[in-house]
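Participant: For reference, the chains in residue letters:
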Amino acid sequence: MYKENRFSDTDLIGAILEKDSLEHAILQLYQDHAEITRSFIIGKGGTEQDADDIFQETIVSFIECVQKGKFRQESGVRTFLISISKNIWHNEIRRRQRAGNREKIFEMDRDQEEGPVTELINEREMKKQLNMLLQDLGDSCKKILELFYYENLSMKEIVSQMHYENEQVVRNKKYKCLQQLADKIKQNPLAVKQINELISK
Amino acid sequence: MQPNKEILIDYLDHQLNQQDTDQVEIMVQNDKSIADELQYLNMAIDTVRLNTINDKVLAIRRSLSNPSVLTEKPANKGIRSIYKMSMRIAAAFILLIGMAVLYKYLTVSNLSVYEKQFTGYDLSNLRGQESRDAVAEAYANKNWSEVLTVFQKGNNKSNKAVFLAAIAEMQLNNFPQAVALFENILNNTGDNSYREETEYYLSLAYLMNHEVNKSIRLINKIKADSSHTYYPLALKLSSIDLKIIELKK
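For the protein sequence lines, the chains are A and B, in the order given. Per my numbering, residue 1 is the first one in the first sequence, and the count goes up by one each step. Per my numbering, residue 202 is the first one in the second sequence, and the count goes up by one each step.
Check the hints yourself; a few may be wrong.
Not the full set, but computed from the structure, chain A residues with beta-carbon under 7 Å of chain B [what the hints assert, rightly or not]: (1) L27; (2) Y30; (3) Q56; (4) I59; (5) V60; (6) I63; (7) C141; (8) E146; (9) Y175; (10) L178; (11) I185; (12) K186.
Derived list of chain B stretches under chain A, where covered just means 3 residues or more per stretch with a C-beta under 8 Å from a C-beta of chain A [stated by the list, open to error]: (13) 233–243; (14) 249–259.
Derived from the structure by calculation, the hints contain no laboratory data. Given the structure is predicted, the values throughout are model-derived calculations rather than measurements. From the three backbone atoms N, C-alpha and C, an ideal C-beta is built for every residue, glycine too.
Next up, chain B with everything else stripped away, as it sits in the complex (with noise of 0.2 Å):
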């Protein structure tokens, strides 16, 4: 090993002084052989640079054998795939669930939620101590035209005779008179018999009757009070279908 050779490769790694550096440079100038060197040593190192990057390069090449790879990942692929059938699952989702609200808002009327809630009330709901009047026994005949005849004739104006008349109003589709004599019982402060029975249908009324908001507020305030005696009725009108037919308004 010529000693001259290690200073010219410290010279190319920079590892001289100020001095060292200086008189390499002079050497170089002057003497051909170690200019030569001095490349041959410059070469060996571009070469070892070249070649890392080569084998960096040729390393992705293999990696990258499979053609389909040089645009896509095949991971990526099968991800992507799953990626579209979930997306597709999706759009088939939300199209049912689409078609299903459609068909909801489509078939939702006051007319059907209030099929689907009236029942007319049953006189046997009476209490057991109740004698029968006129008004009653005309209801149990469901003869309706004479429960509201006999109601207006008579004088008999308890919550119980106006609930059976505001009834017969509502077999009749007379939704505002219906409305009207619930709202009687409600603002009679001096009885507190038939509130419940009166909530219950003076919702349906309003339902009716156009006044939405008022049902959706009374049918409310029912299925609040899980003692109130219509509380399991109230539960199966959806709110969903009453925010419809507020929205239908």
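Bound conformation, chain A alone (with noise of 0.2 Å):
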């Protein structure tokens, strides 16, 4: 994945399709675009390490966000992924705003024209949260809900991959696991009220 081999940005969106190549892809938006969007939260008063996370959750969401259909390619990537990053950089403003840390560090002239990227950015926020629910499932969970909603691996690919005893172990185990996870979210009053808020929407 260097310059000899290098994605157009209507193959890139191919490559994040196909995830065998998400990897390259993935590279390859670092590459790219990693300087002018950290370049970007620097200079808005963020730290080094803030720019690698909001990059970071930049990369995710427009992954996310393509394999959800979302981005059309009516923008370029470059441009699709400054306003993801813009909106990101905001809402971590608000919130540590709104945890008292009153530093004022940035003045955000937030992106009103990207309606489709706000939304996304709020559903980002809420799932962040989530994602640390997940990780209190355990590996075993984690594995199963990854291999099965991630990789589409059948229930006999993963008996084969993980080494249960029969498909319907493994069934029984991936209820089991996905229940927790909901279960968790439901407890989680904060999940709880984003989750009220999207379906208010």
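Hey, can you piece these two chains together into the complex? The hints should help.
Facilitator: This is the structure we're talking about:
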């Protein structure tokens, strides 16, 4: 994934959709766009660490956006990434302000034109907290859910990969893990509030 | 575990038949608690997907913790440095070769090749039983004009006399005359003596007479015959030098 083997914007979207090429796509996103978005965050008062964290979240949001078909290539990848970064940074500033961290480091010119992006970022903020709930499930639960819901492996393939007795064992485990995660979400007041906000939109 | 939760999960996994799918959708429409459960489960699935993407991005971010990697892979950079160095060496080498070729082109001429290859014919090369005649005597004394005078006045037109006269012409830088005499020897089918000597010296005479193609043909003929008396001398004549002379014509 170097100079001699680069994706065009269109090919990059295709690579994100084809999960086998996802790592290459992520690497190219870093190589091509990290510096400019990091400069933006640092220019708006963020630290180097902030810039790295925001760009990481930007990439995750972008991939999610592409995989959900929300990126229609009406703007270039770079423009879209910068727009996502702006919104994530804005939310981060607001979060810090709410937490009593009153240091005014940023006057955000929020990108009002990027409606879908703003919506996506709100979802991101919520899911970020939900990710913490996932970590609590344990490695085996996390792995089964990941293989089934992200890698799209069949029960048979999961049995083979994780050395369970049979498909029914995996199926039962998956039910249990997903329900546990859903229960954790339900028991988390902030998560519930955010879900309700989403439902009421 | 409530059975309807598993059905909801199967619904989200698209594992239900059409009848069961329709039933779930009716339940969701009519029961907010079920709709909420479905929403939580859906959020859980999204969370799994998001978390997996995040892990992948994080892994690449960590692998790129060296800032220079963001734009260039170190191993690749090393290869590039070697590549650049190789290219520089190659360029210097090509430049040197170019300079050598240019030097060669500028310094090689028919005269330089001739001076390098021409050695006066030594009369000691004459066959032992041959007695020295007037031409040979004048030749032995390196009196080139006398050689020609005696040759022109005398009746001895043997290949030996013609050959010595031709060499005398070469010594006097009269190359057209030398060529004419050498060609007489080669055309003399009744006498095969001095043919090999003639071929070698004629090739040099051609060179100085600006008949490079003829010279090259003769040289190549000698080079192709390892039993030729002048084969070792002909081998010393560089084909590249002859080509340069040809180009300069």
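Participant: List in ascending order the numbers of the hints, as given earlier, that are violated by the structure.
Facilitator: 7
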